[in-house]
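**Student:** Sequence:
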Amino acid sequence: MAKTSKSIDSVDAGTLDGKLYDRALDPLRAKMRRALLPLVRAETPVLAAIQKRIRTPWWDAYFLWTANLGTHTFFMIFLPIIIWFANAELGRGVACLTAAGVFWSGFIKDFMCLPRPLSPPVHRLSMSSSVALEYGFPSTHATNSVSVGLYLFAVSCDTFAPESTARMVCVASCAVYVASVVLGRLYCGMHSLTDVVGGTILAYALYWTQWTFRAEFDSLFTDDGYWVFLTIPLFLSLVGIHPDPLERCPCFEDSVCFMGVLIGLFPGSWLCQHTDICVMSLTSTATQQTGLKAGLIVLLKMVLGVSVLFVWRMACKKACYVILPPIYRAFNLPHRKFEIGARYYKSLKSESIHPIPSVLDLRGLTSSMAESDHVGMQSPIDLHERRVAEAKQCHNRKGRELDEKVPEEDISDDEPLRYDIDIVTKLIVYAGIGFLAVYPVPLLFQLLFGASS
1 MAKTSKSIDS
11 VDAGTLDGKL
21 YDRALDPLRA
31 KMRRALLPLV
41 RAETPVLAAI
51 QKRIRTPWWD
61 AYFLWTANLG
71 THTFFMIFLP
81 IIIWFANAEL
91 GRGVACLTAA
101 GVFWSGFIKD
111 FMCLPRPLSP
121 PVHRLSMSSS
131 VALEYGFPST
141 HATNSVSVGL
151 YLFAVSCDTF
161 APESTARMVC
171 VASCAVYVAS
181 VVLGRLYCGM
191 HSLTDVVGGT
201 ILAYALYWTQ
211 WTFRAEFDSL
221 FTDDGYWVFL
231 TIPLFLSLVG
241 IHPDPLERCP
251 CFEDSVCFMG
261 VLIGLFPGSW
271 LCQHTDICVM
281 SLTSTATQQT
291 GLKAGLIVLL
301 KMVLGVSVLF
311 VWRMACKKAC
321 YVILPPIYRA
331 FNLPHRKFEI
341 GARYYKSLKS
351 ESIHPIPSVL
361 DLRGLTSSMA
371 ESDHVGMQSP
381 IDLHERRVAE
391 AKQCHNRKGR
401 ELDEKVPEED
411 ISDDEPLRYD
421 IDIVTKLIVY
431 AGIGFLAVYP
441 VPLLFQLLFG
451 ASS
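Residue numbers (full-length UniProt numbering): 1 to 453.
What the hints contain is simulated information worked out from the structure, not anything from laboratory work.
Since the structure is predicted, the reported quantities are computational estimates derived from the model, not experimental observations.
Take the hints with a grain of salt, since some may be wrong.
[To be verified] In silico DSS-like links for lysine-lysine, alpha-carbon gap of 27 Å or less:
1. Lys349 x Lys19
2. Lys19 x Lys31
3. Lys293 x Lys318
4. Lys349 x Lys337
5. Lys52 x Lys31
6. Lys346 x Lys318
[What the hints assert, rightly or not] Quick list of the computed label-pair ranges, beta carbon to beta carbon:
7. Arg214 x Leu234: 49 to 55 Å
8. Ala175 x Arg214: 28 to 34 Å
9. Ser237 x Leu292: 47 to 53 Å
No residue lacks a Cβ here, since even glycine has one placed at the ideal position from N, Cα and C.
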(Lines of atoms letter the chains of each structure in order from A and count residues from 1; the text may use other names and numbers.)
(Lines give C-alpha, C1' and ligand atoms only; values in the text may rest on other atoms or scores of the structure.)
Protein backbone atom coordinates (compact mmCIF):
# COMPACT_ATOMS: atom_id res chain seq x y z
CA MET A 1 0.00 0.00 0.00
CA ALA A 2 1.09 3.53 -0.60
CA LYS A 3 2.28 5.40 2.42
CA THR A 4 -0.25 7.82 3.88
CA SER A 5 0.60 11.49 4.24
CA LYS A 6 -1.58 13.84 6.24
CA SER A 7 -1.89 17.51 5.53
CA ILE A 8 -3.46 20.34 7.47
CA ASP A 9 -2.56 23.00 4.94
CA SER A 10 -5.82 22.99 3.06
CA VAL A 11 -9.53 22.82 3.66
CA ASP A 12 -11.55 20.73 1.25
CA ALA A 13 -13.86 22.76 -0.95
CA GLY A 14 -17.50 22.36 0.06
CA THR A 15 -16.86 21.36 3.69
CA LEU A 16 -17.59 24.63 5.48
CA ASP A 17 -20.56 24.97 7.79
CA GLY A 18 -23.80 24.43 5.88
CA LYS A 19 -25.23 27.70 7.17
CA LEU A 20 -22.52 29.59 5.29
CA TYR A 21 -23.65 28.08 1.99
CA ASP A 22 -27.30 28.73 2.79
CA ARG A 23 -26.53 32.41 3.41
CA ALA A 24 -24.11 32.91 0.52
CA LEU A 25 -25.96 31.01 -2.22
CA ASP A 26 -29.26 32.01 -3.74
CA PRO A 27 -32.27 29.90 -2.61
CA LEU A 28 -32.27 27.59 -5.64
CA ARG A 29 -28.57 26.77 -5.38
CA ALA A 30 -28.81 26.24 -1.63
CA LYS A 31 -31.86 23.98 -1.99
CA MET A 32 -30.23 21.82 -4.66
CA ARG A 33 -27.06 21.55 -2.59
CA ARG A 34 -28.99 20.42 0.48
CA ALA A 35 -30.79 17.79 -1.62
CA LEU A 36 -27.62 16.15 -2.96
CA LEU A 37 -25.30 16.58 0.03
CA PRO A 38 -26.76 13.62 1.99
CA LEU A 39 -26.04 11.32 -0.97
CA VAL A 40 -22.39 12.33 -1.08
CA ARG A 41 -22.06 12.01 2.69
CA ALA A 42 -23.73 8.59 2.76
CA GLU A 43 -21.37 7.22 0.12
CA THR A 44 -18.19 8.24 1.97
CA PRO A 45 -18.00 5.29 4.40
CA VAL A 46 -18.98 2.90 1.60
CA LEU A 47 -16.11 4.11 -0.59
CA ALA A 48 -13.72 3.89 2.34
CA ALA A 49 -14.78 0.30 3.02
CA ILE A 50 -14.37 -0.64 -0.65
CA GLN A 51 -10.91 0.93 -0.74
CA LYS A 52 -9.89 -1.03 2.33
CA ARG A 53 -10.98 -4.28 0.71
CA ILE A 54 -9.66 -4.00 -2.84
CA ARG A 55 -6.68 -1.66 -2.84
CA THR A 56 -3.39 -3.11 -4.04
CA PRO A 57 -0.17 -1.41 -5.17
CA TRP A 58 -0.77 -2.54 -8.76
CA TRP A 59 -4.29 -1.11 -8.96
CA ASP A 60 -3.12 2.06 -7.21
CA ALA A 61 -0.54 2.63 -9.94
CA TYR A 62 -2.94 1.67 -12.74
CA PHE A 63 -5.75 4.02 -11.74
CA LEU A 64 -3.34 6.84 -10.87
CA TRP A 65 -1.84 6.79 -14.35
CA THR A 66 -5.04 6.14 -16.29
CA ALA A 67 -6.58 9.14 -14.50
CA ASN A 68 -4.36 11.28 -16.72
CA LEU A 69 -6.42 10.13 -19.72
CA GLY A 70 -9.32 12.24 -18.49
CA THR A 71 -7.37 15.38 -17.61
CA HIS A 72 -6.64 18.63 -19.37
CA THR A 73 -3.07 17.43 -19.79
CA PHE A 74 -4.07 14.52 -22.00
CA PHE A 75 -6.44 16.47 -24.21
CA MET A 76 -4.28 19.59 -24.56
CA ILE A 77 -1.33 17.46 -25.71
CA PHE A 78 -3.11 15.07 -28.06
CA LEU A 79 -5.83 17.23 -29.64
CA PRO A 80 -3.38 19.17 -31.84
CA ILE A 81 -1.74 15.86 -32.82
CA ILE A 82 -5.12 14.44 -33.91
CA ILE A 83 -5.76 17.53 -36.02
CA TRP A 84 -2.29 17.57 -37.58
CA PHE A 85 -1.80 13.87 -38.30
CA ALA A 86 -5.09 12.02 -38.15
CA ASN A 87 -8.36 13.77 -38.93
CA ALA A 88 -9.05 17.49 -38.56
CA GLU A 89 -12.81 16.95 -38.41
CA LEU A 90 -12.43 14.36 -35.67
CA GLY A 91 -10.01 16.60 -33.78
CA ARG A 92 -12.43 19.52 -33.89
CA GLY A 93 -15.26 17.33 -32.63
CA VAL A 94 -13.24 15.97 -29.71
CA ALA A 95 -11.94 19.47 -28.90
CA CYS A 96 -15.49 20.85 -28.69
CA LEU A 97 -16.66 17.92 -26.56
CA THR A 98 -13.74 18.36 -24.19
CA ALA A 99 -14.24 22.12 -23.91
CA ALA A 100 -17.98 21.69 -23.33
CA GLY A 101 -17.31 19.01 -20.73
CA VAL A 102 -14.82 21.15 -18.81
CA PHE A 103 -17.05 24.22 -18.98
CA TRP A 104 -20.40 22.68 -18.02
CA SER A 105 -19.02 20.34 -15.36
CA GLY A 106 -17.13 23.30 -13.87
CA PHE A 107 -20.26 25.44 -14.15
CA ILE A 108 -22.29 22.90 -12.17
CA LYS A 109 -19.49 22.39 -9.65
CA ASP A 110 -19.32 26.07 -8.82
CA PHE A 111 -23.12 26.31 -8.88
CA MET A 112 -23.65 23.43 -6.43
CA CYS A 113 -20.53 23.76 -4.22
CA LEU A 114 -20.70 20.09 -3.23
CA PRO A 115 -17.68 18.45 -1.55
CA ARG A 116 -15.72 15.42 -2.61
CA PRO A 117 -15.95 12.27 -0.46
CA LEU A 118 -14.55 13.17 2.95
CA SER A 119 -10.93 12.33 3.69
CA PRO A 120 -10.60 10.67 6.15
CA PRO A 121 -12.01 8.04 6.04
CA VAL A 122 -11.44 7.96 2.26
CA HIS A 123 -7.90 7.90 0.86
CA ARG A 124 -7.41 10.17 -2.13
CA LEU A 125 -5.01 8.93 -4.78
CA SER A 126 -4.00 11.77 -7.06
CA MET A 127 -0.99 13.20 -8.86
CA SER A 128 -2.34 16.71 -8.40
CA SER A 129 -1.43 18.70 -5.32
CA SER A 130 -4.58 20.85 -5.42
CA VAL A 131 -7.40 18.29 -5.65
CA ALA A 132 -9.05 19.48 -2.44
CA LEU A 133 -9.56 22.97 -3.91
CA GLU A 134 -12.12 21.71 -6.43
CA TYR A 135 -15.72 20.72 -5.76
CA GLY A 136 -16.87 17.18 -6.48
CA PHE A 137 -20.19 17.17 -8.38
CA PRO A 138 -20.16 16.33 -11.22
CA SER A 139 -16.92 14.54 -12.11
CA THR A 140 -15.10 16.30 -14.96
CA HIS A 141 -13.06 13.13 -15.57
CA ALA A 142 -16.25 11.14 -16.06
CA THR A 143 -17.77 13.86 -18.26
CA ASN A 144 -14.78 14.06 -20.57
CA SER A 145 -14.00 10.35 -20.81
CA VAL A 146 -17.61 9.20 -21.35
CA SER A 147 -18.45 11.90 -23.91
CA VAL A 148 -15.24 11.37 -25.89
CA GLY A 149 -15.53 7.58 -25.57
CA LEU A 150 -19.10 7.62 -26.90
CA TYR A 151 -18.12 9.95 -29.72
CA LEU A 152 -15.16 7.79 -30.80
CA PHE A 153 -17.39 4.70 -30.52
CA ALA A 154 -19.96 6.32 -32.82
CA VAL A 155 -17.26 7.39 -35.28
CA SER A 156 -15.81 3.87 -35.41
CA CYS A 157 -19.25 2.33 -35.97
CA ASP A 158 -19.92 4.87 -38.71
CA THR A 159 -16.54 4.26 -40.39
CA PHE A 160 -15.80 0.53 -40.17
CA ALA A 161 -17.78 -2.55 -41.21
CA PRO A 162 -19.66 -4.30 -38.36
CA GLU A 163 -17.45 -7.39 -38.28
CA SER A 164 -14.14 -5.73 -39.09
CA THR A 165 -11.15 -6.05 -36.80
CA ALA A 166 -10.63 -2.30 -36.80
CA ARG A 167 -14.13 -1.69 -35.48
CA MET A 168 -13.79 -4.29 -32.74
CA VAL A 169 -10.44 -2.85 -31.65
CA CYS A 170 -11.85 0.69 -31.55
CA VAL A 171 -14.93 -0.38 -29.57
CA ALA A 172 -12.84 -2.38 -27.10
CA SER A 173 -10.39 0.49 -26.68
CA CYS A 174 -13.20 2.96 -26.00
CA ALA A 175 -14.73 0.63 -23.41
CA VAL A 176 -11.41 0.11 -21.59
CA TYR A 177 -10.68 3.84 -21.71
CA VAL A 178 -14.03 4.87 -20.24
CA ALA A 179 -14.09 2.12 -17.61
CA SER A 180 -10.54 2.88 -16.46
CA VAL A 181 -11.18 6.58 -15.97
CA VAL A 182 -14.68 6.35 -14.48
CA LEU A 183 -14.04 3.42 -12.13
CA GLY A 184 -10.71 4.98 -11.23
CA ARG A 185 -12.48 8.06 -9.86
CA LEU A 186 -14.25 5.82 -7.34
CA TYR A 187 -11.23 3.63 -6.61
CA CYS A 188 -9.00 6.66 -6.01
CA GLY A 189 -11.54 8.21 -3.64
CA MET A 190 -11.74 11.34 -5.76
CA HIS A 191 -15.47 11.20 -6.45
CA SER A 192 -18.63 9.64 -5.09
CA LEU A 193 -20.99 7.54 -7.17
CA THR A 194 -23.28 10.57 -7.31
CA ASP A 195 -20.46 12.63 -8.84
CA VAL A 196 -19.71 9.97 -11.45
CA VAL A 197 -23.37 9.41 -12.38
CA GLY A 198 -23.86 13.16 -12.70
CA GLY A 199 -20.81 13.42 -14.94
CA THR A 200 -22.01 10.49 -17.07
CA ILE A 201 -25.46 12.02 -17.59
CA LEU A 202 -23.88 15.34 -18.58
CA ALA A 203 -21.48 13.48 -20.89
CA TYR A 204 -24.29 11.72 -22.71
CA ALA A 205 -26.16 14.99 -23.20
CA LEU A 206 -23.05 16.61 -24.69
CA TYR A 207 -22.27 13.60 -26.88
CA TRP A 208 -25.87 13.35 -28.15
CA THR A 209 -25.91 17.04 -29.07
CA GLN A 210 -22.56 16.88 -30.83
CA TRP A 211 -23.34 13.69 -32.75
CA THR A 212 -26.93 14.55 -33.66
CA PHE A 213 -26.01 17.95 -35.09
CA ARG A 214 -22.60 17.03 -36.47
CA ALA A 215 -23.59 18.00 -40.02
CA GLU A 216 -24.65 21.46 -38.91
CA PHE A 217 -21.52 21.69 -36.80
CA ASP A 218 -19.23 20.85 -39.72
CA SER A 219 -21.08 23.27 -41.99
CA LEU A 220 -19.88 26.14 -39.79
CA PHE A 221 -16.39 25.53 -41.16
CA THR A 222 -17.16 24.54 -44.74
CA ASP A 223 -19.89 27.04 -45.70
CA ASP A 224 -19.01 30.35 -47.29
CA GLY A 225 -21.06 32.28 -44.74
CA TYR A 226 -19.56 34.04 -41.76
CA TRP A 227 -21.78 32.54 -39.07
CA VAL A 228 -18.77 30.89 -37.44
CA PHE A 229 -17.53 34.27 -36.22
CA LEU A 230 -20.68 34.69 -34.10
CA THR A 231 -19.31 31.92 -31.87
CA ILE A 232 -16.74 34.37 -30.48
CA PRO A 233 -19.28 36.52 -28.55
CA LEU A 234 -21.14 33.30 -27.64
CA PHE A 235 -18.09 31.81 -25.93
CA LEU A 236 -17.30 35.11 -24.24
CA SER A 237 -20.84 35.28 -22.89
CA LEU A 238 -20.48 31.76 -21.48
CA VAL A 239 -17.44 32.92 -19.55
CA GLY A 240 -19.52 35.80 -18.22
CA ILE A 241 -22.35 33.63 -16.88
CA HIS A 242 -20.11 31.19 -15.00
CA PRO A 243 -21.29 31.24 -11.36
CA ASP A 244 -19.06 32.42 -8.52
CA PRO A 245 -18.19 29.68 -6.03
CA LEU A 246 -18.10 30.25 -2.29
CA GLU A 247 -14.50 29.01 -2.08
CA ARG A 248 -11.45 29.31 -4.30
CA CYS A 249 -12.20 26.62 -6.91
CA PRO A 250 -10.02 26.42 -10.08
CA CYS A 251 -12.95 25.33 -12.27
CA PHE A 252 -13.49 28.82 -13.66
CA GLU A 253 -9.88 29.13 -14.81
CA ASP A 254 -10.09 25.80 -16.62
CA SER A 255 -13.34 26.88 -18.27
CA VAL A 256 -11.74 30.13 -19.42
CA CYS A 257 -8.81 28.26 -20.95
CA PHE A 258 -11.02 25.93 -22.99
CA MET A 259 -13.42 28.68 -24.06
CA GLY A 260 -10.34 30.54 -25.22
CA VAL A 261 -9.27 27.53 -27.27
CA LEU A 262 -12.67 27.45 -29.00
CA ILE A 263 -12.56 31.22 -29.64
CA GLY A 264 -9.44 30.61 -31.70
CA LEU A 265 -10.28 27.17 -33.09
CA PHE A 266 -13.61 28.05 -34.74
CA PRO A 267 -12.51 30.99 -36.94
CA GLY A 268 -9.13 29.33 -37.51
CA SER A 269 -10.78 26.15 -38.78
CA TRP A 270 -13.03 28.19 -41.09
CA LEU A 271 -10.04 30.00 -42.53
CA CYS A 272 -8.21 26.71 -43.00
CA GLN A 273 -11.13 25.14 -44.84
CA HIS A 274 -11.17 28.12 -47.19
CA THR A 275 -7.41 28.04 -47.83
CA ASP A 276 -6.27 25.37 -50.28
CA ILE A 277 -2.75 25.08 -48.90
CA CYS A 278 -4.06 24.53 -45.37
CA VAL A 279 -6.53 21.87 -46.50
CA MET A 280 -3.73 20.19 -48.43
CA SER A 281 -1.56 20.10 -45.30
CA LEU A 282 -4.26 18.38 -43.24
CA THR A 283 -5.20 15.86 -45.93
CA SER A 284 -1.71 14.86 -47.07
CA THR A 285 0.44 13.96 -44.09
CA ALA A 286 3.81 12.29 -43.82
CA THR A 287 2.05 9.23 -42.42
CA GLN A 288 1.13 8.31 -45.99
CA GLN A 289 4.77 7.44 -46.53
CA THR A 290 6.72 4.59 -45.05
CA GLY A 291 10.11 4.09 -43.58
CA LEU A 292 12.55 6.34 -41.78
CA LYS A 293 11.73 9.44 -43.81
CA ALA A 294 8.08 9.40 -42.77
CA GLY A 295 9.00 8.99 -39.12
CA LEU A 296 11.49 11.83 -39.30
CA ILE A 297 8.97 14.19 -40.91
CA VAL A 298 6.33 13.37 -38.29
CA LEU A 299 8.85 13.98 -35.51
CA LEU A 300 9.94 17.30 -37.00
CA LYS A 301 6.33 18.43 -37.41
CA MET A 302 5.48 17.54 -33.81
CA VAL A 303 8.51 19.37 -32.42
CA LEU A 304 7.89 22.39 -34.61
CA GLY A 305 4.14 22.54 -33.95
CA VAL A 306 4.40 22.16 -30.18
CA SER A 307 7.28 24.65 -30.06
CA VAL A 308 5.19 27.26 -31.88
CA LEU A 309 2.38 26.84 -29.33
CA PHE A 310 4.71 27.08 -26.34
CA VAL A 311 6.61 30.09 -27.69
CA TRP A 312 3.30 31.84 -28.36
CA ARG A 313 2.12 31.16 -24.84
CA MET A 314 5.25 32.53 -23.21
CA ALA A 315 5.52 35.60 -25.43
CA CYS A 316 1.82 36.46 -25.31
CA LYS A 317 1.53 36.04 -21.55
CA LYS A 318 4.63 38.18 -21.01
CA ALA A 319 3.17 40.91 -23.23
CA CYS A 320 -0.20 40.78 -21.41
CA TYR A 321 1.56 41.10 -18.05
CA VAL A 322 3.18 44.31 -19.28
CA ILE A 323 0.25 45.85 -21.17
CA LEU A 324 -2.84 44.95 -19.12
CA PRO A 325 -2.03 46.10 -15.52
CA PRO A 326 -1.85 49.83 -16.42
CA ILE A 327 -5.15 49.51 -18.30
CA TYR A 328 -6.82 47.81 -15.33
CA ARG A 329 -5.52 50.50 -12.97
CA ALA A 330 -6.49 53.40 -15.24
CA PHE A 331 -10.09 52.26 -15.65
CA ASN A 332 -10.37 50.53 -12.24
CA LEU A 333 -11.74 47.42 -13.99
CA PRO A 334 -13.57 44.88 -11.81
CA HIS A 335 -12.19 41.47 -10.91
CA ARG A 336 -13.30 38.29 -9.18
CA LYS A 337 -13.13 38.10 -5.41
CA PHE A 338 -10.22 35.65 -5.33
CA GLU A 339 -7.91 37.78 -7.47
CA ILE A 340 -5.60 40.65 -6.57
CA GLY A 341 -6.59 43.94 -8.18
CA ALA A 342 -4.04 45.85 -10.29
CA ARG A 343 -4.20 48.78 -7.86
CA TYR A 344 -2.53 46.57 -5.23
CA TYR A 345 0.59 45.58 -7.18
CA LYS A 346 3.10 47.65 -9.09
CA SER A 347 4.32 45.41 -11.88
CA LEU A 348 4.25 41.82 -13.13
CA LYS A 349 7.27 42.17 -15.41
CA SER A 350 9.31 39.85 -13.17
CA GLU A 351 6.57 37.20 -12.99
CA SER A 352 8.04 33.85 -14.00
CA ILE A 353 6.29 32.14 -16.92
CA HIS A 354 6.54 28.43 -17.53
CA PRO A 355 6.36 27.04 -21.06
CA ILE A 356 3.81 24.39 -20.11
CA PRO A 357 0.20 25.68 -20.17
CA SER A 358 -1.18 26.47 -16.74
CA VAL A 359 -3.97 23.89 -16.98
CA LEU A 360 -1.37 21.15 -17.15
CA ASP A 361 -0.25 19.86 -13.78
CA LEU A 362 2.76 17.95 -15.07
CA ARG A 363 4.67 18.40 -11.84
CA GLY A 364 2.50 15.71 -10.33
CA LEU A 365 3.69 13.13 -12.85
CA THR A 366 6.98 12.90 -11.00
CA SER A 367 5.31 12.19 -7.67
CA SER A 368 6.01 8.95 -5.90
CA MET A 369 3.20 6.63 -4.88
CA ALA A 370 3.59 7.77 -1.28
CA GLU A 371 3.19 11.39 -2.28
CA SER A 372 0.07 10.53 -4.29
CA ASP A 373 -1.81 9.07 -1.30
CA HIS A 374 -3.55 11.89 0.56
CA VAL A 375 -5.66 11.86 3.70
CA GLY A 376 -6.97 15.33 4.46
CA MET A 377 -8.89 16.89 7.33
CA GLN A 378 -12.54 16.01 7.74
CA SER A 379 -13.50 19.05 9.78
CA PRO A 380 -13.24 22.55 8.28
CA ILE A 381 -10.40 24.60 9.76
CA ASP A 382 -10.09 28.33 9.27
CA LEU A 383 -6.65 28.84 7.73
CA HIS A 384 -7.45 32.03 5.83
CA GLU A 385 -5.21 34.34 7.87
CA ARG A 386 -2.34 31.88 7.65
CA ARG A 387 -2.73 31.60 3.89
CA VAL A 388 -2.82 35.37 3.49
CA ALA A 389 0.49 35.60 5.34
CA GLU A 390 2.02 32.75 3.33
CA ALA A 391 0.85 34.32 0.06
CA LYS A 392 2.46 37.64 0.97
CA GLN A 393 5.69 35.89 1.97
CA CYS A 394 5.70 33.98 -1.31
CA HIS A 395 5.11 37.21 -3.23
CA ASN A 396 7.98 38.96 -1.45
CA ARG A 397 10.33 35.99 -1.93
CA LYS A 398 9.83 36.35 -5.68
CA GLY A 399 11.01 39.95 -5.54
CA ARG A 400 7.65 41.64 -6.04
CA GLU A 401 6.00 44.21 -3.82
CA LEU A 402 2.45 43.69 -2.59
CA ASP A 403 0.63 46.57 -0.94
CA GLU A 404 0.02 45.80 2.74
CA LYS A 405 -3.45 47.31 2.44
CA VAL A 406 -4.66 44.66 0.02
CA PRO A 407 -8.03 43.31 1.25
CA GLU A 408 -7.97 39.70 2.45
CA GLU A 409 -10.71 38.74 0.01
CA ASP A 410 -8.40 39.77 -2.85
CA ILE A 411 -5.72 37.30 -1.74
CA SER A 412 -5.87 33.87 -3.30
CA ASP A 413 -6.45 31.02 -0.88
CA ASP A 414 -3.72 28.98 -2.53
CA GLU A 415 -0.42 29.56 -4.27
CA PRO A 416 0.59 30.81 -6.76
CA LEU A 417 -1.11 34.17 -6.53
CA ARG A 418 -3.84 35.06 -9.00
CA TYR A 419 -4.17 38.53 -10.50
CA ASP A 420 -7.11 40.38 -12.01
CA ILE A 421 -5.57 40.34 -15.49
CA ASP A 422 -5.17 36.55 -15.50
CA ILE A 423 -8.63 35.85 -16.95
CA VAL A 424 -8.21 38.14 -19.95
CA THR A 425 -4.65 36.89 -20.34
CA LYS A 426 -5.83 33.27 -20.44
CA LEU A 427 -8.50 34.08 -23.02
CA ILE A 428 -5.96 35.77 -25.29
CA VAL A 429 -3.28 33.12 -24.83
CA TYR A 430 -5.54 30.12 -25.37
CA ALA A 431 -7.44 31.73 -28.23
CA GLY A 432 -4.07 32.08 -29.87
CA ILE A 433 -3.23 28.44 -29.17
CA GLY A 434 -6.51 27.28 -30.71
CA PHE A 435 -6.04 29.50 -33.76
CA LEU A 436 -2.39 28.60 -34.31
CA ALA A 437 -3.06 24.86 -34.05
CA VAL A 438 -5.63 24.79 -36.86
CA TYR A 439 -4.42 27.44 -39.30
CA PRO A 440 -0.86 28.91 -39.16
CA VAL A 441 0.81 25.68 -38.02
CA PRO A 442 -0.71 23.54 -40.84
CA LEU A 443 0.28 26.28 -43.29
CA LEU A 444 3.82 26.16 -41.94
CA PHE A 445 3.87 22.37 -42.25
CA GLN A 446 2.85 22.53 -45.89
CA LEU A 447 5.35 25.25 -46.74
CA LEU A 448 8.23 23.37 -45.11
CA PHE A 449 7.30 19.73 -45.74
CA GLY A 450 4.71 19.88 -48.50
CA ALA A 451 6.94 18.40 -51.15
CA SER A 452 7.83 15.52 -48.86
CA SER A 453 4.30 14.74 -47.63
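**Student:** Enumerate the violated hints, using their earlier numbering and listing them in ascending order.
**Tutor:** Violated: hints 1, 3, 5, 7, 8.
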